[in-house]
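Student: Read off the chains here:
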Amino acid sequence: MVGLAKLWPLIQVRANTQILNTKFLIMTTIETNSPAVVLNVSNLAKRVTSPEGPLVLLSDINLTIHAGETVAVVGASGSGKSTLLGILAGLDVPSEGEVEVDGTNLFNLDEDGRAVLRAEKVGFVFQSFQLLSNFTALENVMLPLELAGRTDAQARATQVLSQVGLAHRLLHYPKQLSGGEQQRVAVARAFAPSPKVLFADEPTGNLDHRTGLKIIDLLFELNADSGTTLILVTHDNSLAARCQRQLELIEGRLQVGKLA
Amino acid sequence: MMSSTIGLAWRMLRRDWRAGEMRVLAIALVIAVAAVTSVNVFTDRIEQGLEQQANALLGADLVIDSASPISDAYAGEGLSQGLDIVHSRAFPSMVMTEDDSQLVALKAVSDGYPLRGVLRITEQLFAPDHETTDVPTPGTVWADPRLLIELNLNVGDRLMVGALTLPIAAVLTSEPSRASGNLFALAPRLLIHLDDLEATQLIQPASRLKYQLYLAGDEATVTKFRPELENKLQPGERLLGIEDGRPEVRKAMERAQRFLSLAALVSVVLAGVAVAMAAQRFVSRHLDHCAVMRCIGATQPMISKLYTSQLLVLGLVASAVGVLLGYASQAVLVSVLGDLIGASLPAPSFKPALWGELTGLITLLGFALPPLIRLKNVPALRVLRRDLDGASMSAWLVYAVGIIALAVVVFLQIGDVKLSALALGGTALTFVVLALFAYGLVSVIRAMGHKKMGIAWRFGLAGIARRPAVSVVQVVGFGLGIMALLLLGLVRADLLGQWQERVPVDAPNRFLINIQPQQVDAMKAFLVQRGVTGVDLHPMIRARLIAHNGEVVEAQAYDNDRAQRLANREFNISWAANLQKDNELAQGEWWQGDDALNSLLSVEVGIAQSLGWHLGDTVSYRVAGQEFTGRIYNLRRVNWDSFQANFFVIGTPALLEKYPATYITSFYLPDAQSLVLNELVREFPNITVIDVATMMNQVRMIIERVTLAVEYVFGFTLLAGLMVMYAAVHASLDERIRETAVLRTLGARRKQLLQGLITEFVSLGLLAGTVAATAATLIAYILSTHVFELPFELNMSIWVIGVICGALGIGVAGTLSIRHILGRPPLQSLRG
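Here the protein sequences come in this chain order: A and B.
Residues 1 to 260 in our numbering are what the first sequence lists, from first letter to last.
Residues 1 to 832 in our numbering are what the second sequence lists, from first letter to last.
By construction, these hints were calculated from the structure, which means they are not laboratory data.
A portion of the hints provided could be inaccurate.
[Unchecked claim] Output of the computed footprint for chain A on chain B, the stretches with three or more beta carbons under 8 Å from beta carbons of chain A:
#1 15-24
#2 293-307
#3 405-416
Where is the CB? At the ideal position from N, CA and C, for every residue including glycine.
Excised from the complex, chain B in its bound form:
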């Protein structure tokens, strides 16, 4: 009997599908599942890539990482345990040709690098590459293809690296622990042998260097050795395992996954609304069917099983189609974002498919099962008394159950309770605000109904006014998708553009770092001679935070990411006798007279807030093995947009000038004088020049790409919004068919009715576009003025685009979906 029930359910599903009953439901589900799956497949491929290359990403099984020289004892112990050892040093530096210079990420390695993963090189730029177990021989370099392109070089050409001039022996196309992608690589890689480093004379006291010791061996030894190593680490040293490979990629991908998931989940919300509306219509059209079935012998459990089975089958099949579409469409995400992280991504696993099916089933059952299951309550007596219903369910209850289902989906996707709650709350608030706004506009339309206007307008606007609730849902559903895309477009174009334009024309566009104390006067003279005046050089010390008000600082004790990062890494602090021009005091006073002889600190307001510091607190740091403590004397605001060199923490000269420091400065150099930099690097080869414009372009490129990816995912939201519109249209289809039949009977021509339909849907689209453009503008205003602190400029093209998209989108789709009823003979409709 069970199998015959399922067989009957399958046959009923096929019959209902033929009649078009389930199509809106199914398509809405396909869109929602495709959106979620495309995001999940993309992030799954990234995660798999990171997992598969875990060792290779690190270049070893264990790495000790430090800003100070690493004790030889570690290497000695590692060797005694039978582990392989490699040393490296890495730092940004300038390299030069005869005519040009370029910032590079220089890395000096000993033989055997990497201990895990391989290097790939080629002997000619753009030629096919191959694996190698070697490193550059002493006296040669291997260069990133980007460096060769920037400097117009090839293998065999020579590069000035500090005091050495070295031939390029190969093009380095791939290296573990560093993708060839653009996201995290500000400067191209230059690989040299460790033996050459000293001869370059690039290493100076207090130079910013990363020291790394790589270790690898059999798993048992590494596992045993790791805790021993961890116990011996000094402050400032950290031990990385394979799970720490490419932390910047992992963190970025986690954020991207959350962001993209939130975008995909908006599609799920709208799909849920479309499913609920389609389910309500399905129920109302099946009341008679159920009454007949009850009459001819179907029991209530049988009815429940029939409809639940139909839903399950539909959910499984529609979700499967959505999953396939998701797998296909994630290729777009990979093409937009993939090259930012470099390396080819492995094929996806089946996990996203399972998640997609689960999402689809939960959404469908959450929104459709509650109304459908009530069909079992339809009394058989309805065959004789059609006023009997028994299956009606409050719309609020339907949506309440659906929202619970949605909360489950959101939590499963995001995996964080707080963020899930914020996402749901934010979405609900957005819906409510948009719905209120839409309702206001619909009310205006209703009021217009009394005005004299052409018959097509009257038909069309009356159509909106007669069904205000449905009209509001359609406007909000479609408007949400348009709003998201308009807002992202605004962010991508306007806000980023304004951010760049806001920078004054003569704002510093070059930073110099790693200036040695003995080079300060010579540097000033050099710049002055070349017309660069008013340049301030600031001392910079690398210091590690160790205590606050006498208590040892533990990074884990802070609950926000920023504070943890600040507590974990080294600070760049400075000293100064006077307050910098682009700083202003927020609390306290600047040190004057004898105060300047005390151990005082000035702290930037934002960082003080993050770390919970106040005026009068004491803070302790360690610098080059020595410790000092200062009292917070004032809090200041920094104008970071000035592009001047600035510091979170500044001390009195009395407190800090005894510690080893390098100097840093920034200045404006017109493009016409860019060759000055070549002279500078030639004269001061240890100095690193950072081009601010390049950095800003890099940031802008990343933001644009990410925004594009999010826009792509919001495209699904637009489609889901269309399904809401279809569902709403179909919900009123019977009513419209009867209305049209009566109007035709009373003499309305087909053309008049068609014009009325077009008017109705174009007007709905105009409303949707208006709501979308208004909301997008408002959010952009808040972002501009309160988040980015930029002046807000009204962009009228948003309105034009929004309104046109809305009018066209709903106008065309709505009219096409319902045009067929005009061809129906009126008598057929009136007879029912």
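Chain A on its own, in the form it takes in the complex:
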């Protein structure tokens, strides 16, 4: 008994050490397997001059998004959602701050450099679909692939259009498609180049509720299949709730939702 009592502190230390070691192992494993940062925003601000004086659209935005995440940016109309989206995608330049997409500082590149980056890593879905009216569904989806110089543009576009359920509408023009079908073409176009990040600006804004749900299902489905990070701008709280994170913009400042 005395021997066991004398040994107990040793056993405790050893056990604690093992526990510590195990914890360390777990933490190391967690750190090794944690998704890469695909979007990193620091101290972002956007100011413009208006007739009434300087106007702050965004202020003090800091944000990190990992690969594969689904993030919703919500906020009232005029809160700066689209402005934020534009800057994150490299379509606009901030007044202050930095944005890194997949490790590349966007604003160290010139306009054409950002265009090249978008071709390689970024996809878009817009509220107004933004399909080219003179192009068929297939040609619209082929366009980003052709711009990137891919020789398999037609095959890849056909595959993706089939994935979104439009295999029978390849040669139809946008005016021959319903709103939901047009948005599906837009989704196919966005996913076809296998981007790292997909930005969607009010993707269901021009659609009825039922069609909108189908589009959202499609987005999340493709997100799950391809591992593309999804960043949605929406005023639809139910849609936002489906995302892993919700970021709320209030008067140009970011409030984090469930997780920081």
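Let chain A serve as the given structure and place chain B on it in line with the hints.
Tutor: Only chain B this time, still in chain A's reference frame:
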């Protein structure tokens, strides 16, 4: 990556073409290139024909040409160098049958003519002809088919040529140095052997004769001999080489080419306007496309390459179509003008095709590239903020670049800086004046908008008033083509007709030349006996200008064509004691009393101006180897429309009557007495009778043909004007679709909207026709009163034709181009 960009550009072009985006642009270009190419192909064929037949056109390698007998020394030297030699004499003369007489261009040639090229003859009128190396044997003639037709003769019949009566041995169908065409051949050819000439007794002292010595041989000898010959030429002699073959044709074709080119270039101007308008619309419809492309990864250089490549491909293809159309349509020009110069024309070369492509590309890139290239500036952010543009370009800048491109095209086509500048300036001024006029009319329409009228009228006129700038462009674009055609029609019909009608009924209609001094009294008596009274016979001397105020005259020193011609050729001068009835003094006085004994000259005002002569100047001439100098005593105006025999330069009898002269006169002979001429020619076989009416008809025919050719080319201008209208309509298409959708939603019926459209376009057409008719009338007035000095008569049919053409043209074309929007469901349009 480059090849994939071009591949993508090609695919985008196909897609845009399917959507109808590029059609107006392409068609406008096709029209412009077709217009320019058809003119260039026509003139290319003429030039090639002249080049290919260069030697044949001259009939030799070298020709010495003179109005005086040519020294035998030339022939002797030529022969000693191993060259072949042929002599000829040529002059206008009368020939006769039992019942009739005819003016001919008589040519007497020695054996061996021509030394280059061939004669073609046939043994029966209208039978197939064949080449021959012979000339008419002494004692026979070969006659132009036209002569045989005029005199109702055939091979074997006999002709009186001066004192000889000669059988017609063959029909001469083709001769080098003379086309069988009508343009430069006033009289049909009669060919005889040189040995027969003296026996005809047609050659008299001071007769107007052309002496020619033809030389030909191997190239090296000719090249060596030519400068030696040139150094030995006497005043009045000229040496012609193969480049001088058919100078009258070359000069005429140069003028025709310039004139037709100017007409074609108006099409290019209008096509440029249509291209600019279509390009602006293309840009506005591609702003979103470019923003999306920038968003999904297109860089600015890529966008530039995509659109530039599309333009280049479109330009090449559209220009190629225009070139093909031009090659096909030049056949019309050949059919209108070709037989004036005679001979079949060779197939065209590829040069016009290259020029056509270049014209098309320069026009397209000049007017379309500046706005299109700015698409690269469309920001990607436009996908989120549609108020962002980045690509707009001031319309003035677009047109400024286009005008520079146009200036390049004009200069390349015309090849003369001064004329190009005049053409551009004149076109710009015409546009501005027409545009101001059109704007005035459109403003009237706007003011009418407040008046009570039916709904269709209100819709229609409101359509014009709402888009005043576009309306003005449409009116001017189409109106310009109508104006050109109306003006040409006016010139062809009214002005020419007035010119002929202005000649008094009893104005002289016959000229007699080559009357010998010893025949003067007999001629007067002859005419008086046949009821032709009051006839004045005027002496005429052939004299060469040699000095002015003591300085030798050099033709090249004069800067205008007319002065150079006058300095180069011989003058027909006369002497007179009294001022002719149809002349009036402009400066100075007529010589009286003792003045008439001095060496004085009277000069026509126009020629004095051309040559820079003034009262008191001295002028020296050479006549038959002798020289004289006279002082300019007065300047006079001549009424050339009197058709009396008149002279640029008249001297005092004391100065000139000692020189050998022939006499000339003109008189009126009623048609009923035309047989008098046969008697006259029989009695005076050396005299030449010129029928003025025939000459005027010949001139009229040539002017009519040339005007017709120019009208044909202006037809392209009309088509280009239509394209301006289409481009303008399409520029406003989106706006019209929305307007129509809203109106339909508010209850407008399709029929009402269609009536509104028809009203709008018919009204535009009426405006265009009014502008065109007004402008054509004004220009015709200026031409009549200030250029041709004819009384002006207002022709109301111009207005009727102009207004109807405009109303129909734009009314039909405009309505058809846009009618389809009425069938579109309104919701579809409103949803965008």
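Student: Now look at each hint and say whether the structure bears it out.
Tutor: Status of the hints after comparison with the structure:
no.: 1; hint: 15-24; result: holds (count 5)
no.: 2; hint: 293-307; result: holds (count 10)
no.: 3; hint: 405-416; result: violated (count 0)
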